[in-house]
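**Student:** The task is simple: from the sequences and hints, build the whole structure.
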Amino acid sequence: MLRTFAARALVAAFALIPAAAALADTWPSKQVRMLIPFPPGGTLDTVGRLLAQKLTEQTGQQFVVENRAGGNGIIGADAVAKAPADGYTLLFNASTFTTTPMTMKAPFDVVKDFQPVALVAQAPLAVAVNKDLPFSDVKGMLTYAKAHPGKLSFAIGSTGSAGQLATELLRRAGDMEYLVVPYKGSAPAYQGLVGGMISGFIDPILGSMSYYKGGMLKILAVTSKARVPTLPDVPTVGETIPGYEFYSWYGLWGPAKLPMDIAKKLNVEVNKALAGDMRERLEQQGLVLQPGSIDDFVAFQRDDMARSLKIVTEGNIRAE
1 MLRTFAARAL VAAFALIPAA AALADTWPSK QVRMLIPFPP GGTLDTVGRL
51 LAQKLTEQTG QQFVVENRAG GNGIIGADAV AKAPADGYTL LFNASTFTTT
101 PMTMKAPFDV VKDFQPVALV AQAPLAVAVN KDLPFSDVKG MLTYAKAHPG
151 KLSFAIGSTG SAGQLATELL RRAGDMEYLV VPYKGSAPAY QGLVGGMISG
201 FIDPILGSMS YYKGGMLKIL AVTSKARVPT LPDVPTVGET IPGYEFYSWY
251 GLWGPAKLPM DIAKKLNVEV NKALAGDMRE RLEQQGLVLQ PGSIDDFVAF
301 QRDDMARSLK IVTEGNIRAE
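Count the sequence shown with this note's numbering and you get residues 1 to 320, in order.
Check before you lean on any hint, since a few could be wrong.
Said to hold, decoys possible - Okay, derived cross-link-like pairs now, EDC-like style, lysine to aspartate or glutamate, Cα gap no bigger than 20 angstroms in a straight line: (1) Lys105 - Glu314; (2) Lys272 - Asp25; (3) Lys112 - Asp261; (4) Lys139 - Glu177; (5) Lys264 - Asp45; (6) Lys112 - Asp304; (7) Lys112 - Glu314; (8) Lys272 - Asp261; (9) Lys151 - Asp109; (10) Lys257 - Asp45; (11) Lys257 - Asp296.
Bear in mind the hints are in silico, worked out from the structure with no lab data behind them.
**Tutor:** Below you can see the structure in the form of structure tokens.
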């Protein structure tokens, strides 16, 4: 009897293999939801919508962006972790997805509950400040901060975000005191910056460009190793503070048990999108594209999480 049960179990297991393969062959056969766990209007939303548009064109099925904001991005991410692992609910998120659980309790495990699909882009950040402040470069900001300790205030779009980690690194490197002002996403933070409620905000360049071009804020520097083509006259932070370099990044994930055939198919489609006109559009905004395999993305995420955990721990960054 035991032998019969084992044989049936083996037959059932083998029966699942062609079923999974068939699922991958027909995917996508209906609309795909791409959850972005922050409000519309920021760089994350801009890049995600552009990717969704390209995937729609390439696959012939609608990739629809759904902004599921709340809880520093945790609510939307958790919805994907709990969704059916069939390739029709995906998560598009920034590196804050991997760092927020380092600063607060999350109902999921980033590594165990999600299947990495593709690294989409890395984004240098812009050190943007209110246009009325009496300095126009990083050196001037550090001098002002030392002369007026605690007077400067910097926005945080979400706890544990790349912007917060970059601001913490700047604080340490420049021996600067500042007040942290939390916002629910980048878009409202920029409104606070332009409106004079806060002094500065470090966020991906794309988010600040329209305000900068409109003369509504000043960009003191960028956090990349080299100057970006779209802002050739804006120095890097490293030109004032040697060795300073930091990026945000964006990726695509599915639930943990997403069939690998579907994950690989998605990875191919994302890389195809990044090889087309999407590359030119993003690179014009200063983003760095590094198409690669799922294994490449897994290794990148692992190494970045190790670096981020060190900053979070040493800076004692915690959600308030």
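**Student:** Decide, hint by hint, whether the structure agrees.
**Tutor:** Consistency of the hints with the structure:
no., hint, in the structure
1, Lys105 - Glu314, "holds (18 angstroms)"
2, Lys272 - Asp25, "holds (18 angstroms)"
3, Lys112 - Asp261, "holds (19 angstroms)"
4, Lys139 - Glu177, "holds (14 angstroms)"
5, Lys264 - Asp45, "violated (24 angstroms)"
6, Lys112 - Asp304, "holds (17 angstroms)"
7, Lys112 - Glu314, "violated (25 angstroms)"
8, Lys272 - Asp261, "holds (17 angstroms)"
9, Lys151 - Asp109, "violated (38 angstroms)"
10, Lys257 - Asp45, "violated (26 angstroms)"
11, Lys257 - Asp296, "holds (19 angstroms)"
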